[in-house]
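Participant: In case you want the letters, here they are:
Number of protein chains: 2
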Amino acid sequence: IEARDVDRLKALTIPLHEADMGDLLEALDADERRRLIELLGPDFDFTALTELDETVRVQILHAISPRIAARGISALDSDDAVYILEDLDEDHKAAILEHLPAPERVALLRSLDYPEESAGRRMQTEFIAVPPFWTVGRTIDYLRETADLPDTFYEVFVVDPGYRLIGAVALDRLLRAKRPVLMTAVKKDQLHVVKASEDQEEVARMFEHYNLVSAPVVDDAGRLVGVVTIDDVVDVIQEEADEDLRALAGVGSDEELSDTVGYISRSRLPWLVVNLGTAFISASIIALFENTIEKMVALAVLMPIVASMGGNAGNQTMTVAVRALATKDLGSHNARRVVSREVLVGLINGLVLATALGAIAAFWFSSAQLGAVISSALVLNMLAAGLFGILIPLAISRLKLDPAVASGVFVTMVTDAVGFFAFLGLATWWFSLT
Amino acid sequence: IEARDVDRLKALTIPLHEADMGDLLEALDADERRRLIELLGPDFDFTALTELDETVRVQILHAISPRIAARGISALDSDDAVYILEDLDEDHKAAILEHLPAPERVALLRSLDYPEESAGRRMQTEFIAVPPFWTVGRTIDYLRETADLPDTFYEVFVVDPGYRLIGAVALDRLLRAKRPVLMTAVKKDQLHVVKASEDQEEVARMFEHYNLVSAPVVDDAGRLVGVVTIDDVVDVIQEEADEDLRALAGVGSDEELSDTVGYISRSRLPWLVVNLGTAFISASIIALFENTIEKMVALAVLMPIVASMGGNAGNQTMTVAVRALATKDLGSHNARRVVSREVLVGLINGLVLATALGAIAAFWFSSAQLGAVISSALVLNMLAAGLFGILIPLAISRLKLDPAVASGVFVTMVTDAVGFFAFLGLATWWFSLT
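Taken in sequence, the protein lines are chains V and F.
Just so you know, my numbering puts 433 at position 417 of the first sequence, and the rest follows in order with no gaps.
Just so you know, my numbering puts 312 at position 296 of the second sequence, and the rest follows in order with no gaps.
Keep in mind the hints are simulated off the structure, nothing from the lab.
All of these numbers come straight from a predicted model, not from anything done at the bench.
A portion of the hints provided could be inaccurate.
Which copy is meant is left open, because identical chains are indistinguishable; a pair holds if it fits in one copy or across any two.
[What the hints assert, rightly or not] Listed below are the simulated SDA-like cross-link pairs for lysine to any residue, each with C-alpha atoms no more than 20 Å apart in a straight line:
1. K344 / T71
2. K344 / D105
3. K344 / D275
4. K211 / R126
5. K344 / L273
6. K194 / A388
7. K344 / D69
8. K311 / D129
9. K204 / I412
10. K344 / E259
11. K211 / D164
12. K204 / D164
13. K26 / E271
14. K344 / H33
15. K194 / D164
16. K204 / D188
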């Protein structure tokens, strides 16, 4: 197909949904992608680009001329256009913008002016706003007669002459109302408004909390400047949960399957270097007890068990804490209760596991005393895991930092340190090995 | 306020959004919750219950009489009613259903008949369907004149006399069309239909992929039985990402902040027991080299570093793999490429870190040979981490199991085993310590 047959190609690809077209583009190689877009010409729907990994999208935009890119982008809703443009470098972005008609260029530049990850970047500047004295009938007539409406919309906004937002009317309310009813009479009881400068995570939280499908965006003066819709919010929710997951594992939030080996190696290295540092801290603690280990090698065999069990328990507590902080379920109102709960859970599971571990260790090395020492060390470490597994994320979030990014390192450091120190220290003291 | 003042209470709580009412209920204690609901009487909106943690919801429903619960539930949309009922035990569910009018009871029982986590459970059975010969005008008149419509809707469906789905009309298209136009002429080009028996994750995937806000649900015979809306899907997306995160850390997916200490201890214990088992495997590998360690205690000091670096690198790879599998970005079409990429990343980062680790170890123990041994062991373990960090989730997902649940145990087992074995084995051979 890739050779010439434009008609056949158009017949095959034009009925495709933009998301499926995106999948198709990702499956092709760089050269095929460029040729496909050239062959389709104006029939290529640039919305498909919003469905691609960033790497692929940037590569495609570099392969086609700025003029063609500008033509495609000008057909898009403003939120999609911003989404495509924001990842490009400044020169390339300017080259494409130059080919756009002035009013569109100005509108896009205004959106791009908002900080990254703000509502202003995610909003669509196409929306429908009517004055408060309009009736339902007049609004419907206006919708029927106006050709240049947004592609999709879920609400009609009511604004005063200064474009300040008065209310929002959901389409189902509009359809149910009689024609002579005033728009202000059918507006929603509660208006959930987004500020353009607001962080996209806050916006997502609001959509989730109030089950919204669309929300008006206002500037600092309270003027309606755009609308955020649920499809953009779904992406944010997805990204946000993914970010926490990746941060906990020390993977960069922007890593994608299509990235190169070099890029991925570099992006994962910092986390590993930090962990190398903490591993050396654990090693230095073990080094304190070199004499002890020399006299009783069984300790070297058993010590990783105490450390790793504490690490696992700390990780459980920390994961719950990080997500609860992200969804605002955990806050100062219940922190004290959750901390004592986690410590108790650590104590209970510590006692259960210590019994099992102590029995097996005692049997393995035929020493009840060794069993008692390792049991005590495990209980201490499980307590530390519960306590620091929750306190560390809480403290990091109190410092206004993201607990998902840094908690893991500190929690592992604590459970390793306490695990090795408690076990080797107790053993040294108990068996008087110095 | 909790004492008597019903009027004041109503004035304060009735304007609240259901989500805020839910937050309020969670903040109260059990007795206050019951009294608040009793005082509000028929003015209490049961939708607030859908915003609560399961534990709190079940506790409230146990505190109030089945008759009052039935009255509140019958005012809800069917998806909310099912959501509230599905967590109750059979007897309690039956007691509440008994107080419902027969047609509602039958409808709810039918929804509850669908498997848990299926589209049938999440759908709302209230929807608007019109015959294909209706015009836009007639549909709008019908919407204006019918009192008993669903609370919110985003589409009007077109069905044949046998209730088989012909098409769906988005409200914005309906509003833009002229009155005499036939409904079939404004229906969507592409219809995305959900089967009632479909898994809710599949439904969420479809909504995300095609940016939907609502989708019709059909039974096995193709008859329209309900509609799934984006607010339910957002919850599913959120839950799903959370499930992966929790599964990777070995925390039960149903654990909530309001659960008791006993419940949480029990739910976290199985994962810790499994890890205790794998920790013993690592310990047995170390035990193989007891003689070696006795002769060179520095090995005991350094060995956890090799194991933990491998564990961290394996965890990075595994996290990326688990999420990519969940979002279907990773599949048989690109598995080979991703595997070789991960192995290469492991090799590159292994070489970088091995240089640093080798230098520090050589300096610390004044032994260039020890530095060379630990470097080689680290490179081997980083290679194993890359390879098994991706192969294990792939294999588990090939077996149709959830890679998030089991991958962690196996990956850690491999990186611990390879780490200890490679380092202690190489040292034994190099320094001829037997």
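Participant: Decide, hint by hint, whether the structure agrees.
Facilitator: To see whether the hints hold, each was checked on the structure:
1. K344 / T71: between (33 Å within a copy, 18 Å between copies)
2. K344 / D105: neither (35 Å within a copy, 30 Å between copies)
3. K344 / D275: Between copies only: 17 Å across chains, 33 Å inside a chain, cut-off 20 Å.
4. K211 / R126: Classified as within: same-chain Cα gap 15 Å, cross-chain 43 Å, threshold 20 Å.
5. K344 / L273: The answer is between: 11 Å across copies meets 20 Å, while 30 Å in one copy does not.
6. K194 / A388: This pair counts as neither: shortest intra-copy Cα distance 80 Å, inter-copy 84 Å.
7. K344 / D69: between (30 Å within a copy, 14 Å between copies)
8. K311 / D129: neither (67 Å within a copy, 66 Å between copies)
9. K204 / I412: neither (39 Å within a copy, 49 Å between copies)
10. K344 / E259: both (16 Å within a copy, 17 Å between copies)
11. K211 / D164: So K211 and D164 fail the 20 Å test inside a copy (26 Å) and across (36 Å) alike.
12. K204 / D164: between (26 Å within a copy, 19 Å between copies)
13. K26 / E271: neither (33 Å within a copy, 51 Å between copies)
14. K344 / H33: Close across copies (18 Å), not inside one copy (36 Å); limit 20 Å.
15. K194 / D164: between (25 Å within a copy, 16 Å between copies)
16. K204 / D188: Both: 11 Å inside a chain and 18 Å across chains, each within 20 Å.
Of the numbered hints stated above, those contradicted by the structure are hints 2, 6, 8, 9, 11 and 13, listed in ascending order.
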